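Peer 1: Given only the sequences and the hints, what does the whole structure look like? Please build it.
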Amino acid sequence: MMVTRDTADKNFGVTLSELRHLMEYRKSEAVEKIKELYGDISEICKRLKTSPTLGIVGTQSEVELRKAVFGSNFIPPKKPLTFLELMWEALQDMTLCILEVAAIISLGLSFYQPPGGNLAACHAEGPGGEEEDEEADWIEGFAILLSVMCVVLVTAFNDWSKEKQFRGLQSRIESEQKFTVIRHGECKQVLVAELVVGDIAQIKYGDLLPADGLLIQGHDLKVDESSLTGESDHVKKSLTEDPMLLSGTHVMEGSGRMVITAVGINSQTGIILTLLGVGDDQPEKKQKNSGDMTPGHSKESAPKPRKVSGNQVEDEESAQKHTSHPKEKSVLQAKLTRLALQIGKAGLAMSVITVLVLIVFFLVQTFAIEKRAWTVECTPIYIQHMVKFFIIGVTILVVAVPEGLPLAVTISLAYSVKQMMKDNNLVRHLDACETMGNATAICSDKTGTLTMNRMTVVQIFIGSAHYKVVPTPEMIRPTILSYLLEGIAVNCAYTSTILPPEKEGGLPRQIGNKTECALLGLLLELNQNFEAVRARITEETLHKVYTFNSDRKSMSTVVKKPNGSFRLYSKGASEILLKKCTRILDASGHSGPFSKKDRENVINNVIEPMASEGLRTIGLTFKEFPAAYSEPNWDNEDEIFKDLTCIAIVGIEDPVRPEVPDAIRKCQKAGIVVRMITGDNINTARAIATKCGILKQGEASVCMEGHDFNRLIRGPDGEIKQELMDRVWPTLCVLARSSPADKYNLVTGIINSNITEQRQVVAVTGDGTNDGPALKKADVGFAMGIAGTDVAKEASDIIITDDNFSSIVKAVMWGRNVYDSISKFLQFQLTVNVVAVVVAFTGACVTQNSPLKAVQMLWVNLIMDTFASLALATEKPTEALLLRKPYGRNKPLISRTMLKNILFHAIYQMAVVFSLVFAGEKFFDIENARNVPMNYPPTQHYTIVFNTFVMMQIFNEVNARKIHGERNVFSGIFSNTIFCFISVGTLVVQVIIVELGGKPFSCTKLSLEQWLWSIFFGLGTLIWGQVIVFFPNRYLWFLPTFGDRPPKEDIIQEEEMYEEIDYGELEMRRISQASWCRGVNRVQTQYKVVNTFRTPPYEVHRSASNKTI
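The opening residue of the sequence shown carries number 1 in the numbering used here; numbering runs sequentially from there.
Hint data in this document are derived by calculation from the structure and do not stem from the laboratory. There may be inaccurate statements among the hints.
As the list claims (entries may be wrong) - For lysine to aspartate or glutamate, the following EDC-like pairs were computed, each having C-alpha atoms within a straight-line distance of at most 16 Å: (1) Lys561 with Asp586; (2) Lys691 with Glu653; (3) Lys553 with Glu637; (4) Lys204 with Glu539; (5) Lys468 with Glu637; (6) Lys35 with Glu241.
Said to hold, decoys possible - Taking CB as the label site, the calculated pair distances span: (7) Cys980 with Phe1030: 25 to 31 Å; (8) Ser161 with His964: 39 to 45 Å; (9) Cys980 with Leu275: 20 to 26 Å.
Quick caveat: nothing in here was measured; it's all calculated off a predicted structure. Note that CB positions come from ideal geometry on N, CA and C, so glycine has one too.
Peer 2: Take a look at the structure:
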């Protein structure tokens, strides 16, 4: 429906600009402004034609009208780089630039003819030279330029495809983001992009606000506005003090309703993003910290929630600051950066030596042996020779430096992320995928992760009697039933309810908090109508609500009675509430005394037996405040929550997920310790942990409660001591009655511990807002997709869309698979590197000409970079990955087995190549190409060398699929169609190059016999691979390993100066000449894509990508 702005403005009593101006006010100033302009918020609702209780009608035409007037809840995306811009970025690579310049110089000099055409005088032609070859000298320079363009096109296409995949992933995530609004009197889940001004939105603990609004009703509402204001203190929201709610802020406590007043680019977050240039074509400003280009930074870029409850976590962070490790980048990234530098140094040395040897041989041959004079006419010819030598050297560097590593990482991670979505793992930070493969510990929640989160009351203590099954209504006094009914109906969130089953014979649908649904289900089982009570006591009439938090361990609601008195209902952790009870409803329904001895009897005879059966125990209490007294000070919680009367204690069953015990067994076999951290009773936690397999008989496993844990890890001064923590965590398997601060302290203590040989890599699950610090502190944070709050999801690295622990095990498999995929690629590439560099260097030294020409080596480079990374980085994981221990942070990327494979295969390939170079002409009875000049036409001799070399790489790619000494290298090969396609495709292209490539590729046609011999030598690598497997590693103890962590002294020197350790950067600072490393530029280019993948979709206020607000 097309609606003009002028026409639409007449439909509402307030304009867009007026609302934007209003939302700029804060706190008491905002209250005064609302009163001055509109009287109250209900008047604003009238002008917006919405009802505070019923919301808008919500028809399609009305929604479109509101979008036309007040805008859509959408911020235009930043325009992506075009393909040409991506090509230009790829061209910035330093080594490619050197090749381009050298090729252009060579191309220009190839057309130069000395005066008089006396080429012989300049040593420009050797025996057998032909004029047609002189005229074709330009072809080599042109072919190099063409090869460079191929590399640029492939790189740009890879970047473009990753950007496209990211935007598709982003769109999918956004399409699943929903928010609860009231339309036409009904609660509905609406896509965030479909929210409009005038919508009445329900907000609750843990929500990330998707738009600006004004508070209509709130209970104990506190908001974290640090993302907009920088203030870490939570802001209390109320109608009289501060009703302004802003998009991009987090609800940290309480609940309520708001009327939406600004969306999209008109919201406060949208205005800021617009000022920053989001949605326009301005180039993104480069950050001062170059870390933005590499994985490991975006996770830390978001401001951390600094408080969990009061000042607990903030205090713990400051207390532990002197012992904590700086936040490290991902394991794989640090190892790869260091390895690239190590290989790059060797490659540079070889290329420089090769160039020097060629130049020295040329100068000695020309001016010392042949005694030629350097004339002005011959200078361009000599320079042309120098340029060709330089091109050979640069090409050796191209082959030596593993710039395909970041591409392999990108492809492997991107492929894994896409597949992990099918396994219910939504990866928000790309590097978390491979980090999970190194996990040594998982700290898991209980409810919903290990259990089904389908809760049912199965036992109840009521009227001084303990019922092992829910009794009939007739067995309970009406007085007690009335307290139970009202206490549950009004003291559960009104958003929690029970709906009829979708299918006949199915289970009733539980909507909202599952514990509350279990209590509401109890009422239905007792034939009590909680909806009637809620209709009589509406949410708006509730006098005061104390929402659940980790300090209270309870939720309470105050109801004002018609006679002016007040009644407080509380529900929460049974033993905690019982300590506050001084009375109890007895069998007759009267309130009787409840002594300390009575409380101990209930704990010993009711709560502990329930808990030992794995039941969650919840206490239900109330307290009367007579009308004769003045209204209590509701903020004095110590006075309010004492002298309570116990109504009942219920035992709630939450069955263990059937697949969890097997998943935990797999983790334990894989060397991962699973710990359970829960707020439940210790007996409940112990029973569930035993059922899951976390606790086993005969093992030194410890269960403890949060207060005992805090006592054991703190010194006399009350500060956390790492040495005390190290005595506790190794045997701790279950932490019960824990707070989010306890979880944070445990995770921090495990990560900072040095008592194990390798630093622990810790994964943590969380669903609550206060779990945010622990999720951020962990190496990998898992948020629950169903039960998790927006705050928890934003703090996490991976979202488990089905809230199932078995999905974490799949993440471990994919993480290990990424690590192995990179190792496979390394094994293949380094074999090619060693052989190609040694052959080129030896050829240059012995024959003053490389057997492998520049264009040929660029083709080999393409095989081992782009094609090999695609082929080897897309293997699917198997259960066998879970049969080994985690690699850990210090285990080298190149193990002794891999190094054995690399060296032995290199020996075989060099033996074949050198045999063909120095004896091939006799074996095949063909012309010797060793002593021909550089401009000589392609020979069959060196074509056979090139062809055999490529055939060995194609077949060795099959060997590279196995890195742990497996004998069957063909296992599962046909399940990887990409590998099969690339192997066949490479073979076909090689045939075309040899048979049709001609002068540009320095090739000539081969006979069938010569082709068969090339293939035979290639197949020999498979046979040789089986021989290598038989050779035991114990005889190779002297072999070094590569790609591990830097020396400790390097880390110690730098730790105090830098908050975040990037071992690659430390190495580069330590070695000044590292700036030449070609891999660094390519790493940065490829990691732009990685960084794009890792941009958290929930960090609305930071991401310049396509988002809804």
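Peer 1: Which of the listed hints are not met by the structure?
Peer 2: Per hint list: 1, 5, 8, 9 violated.
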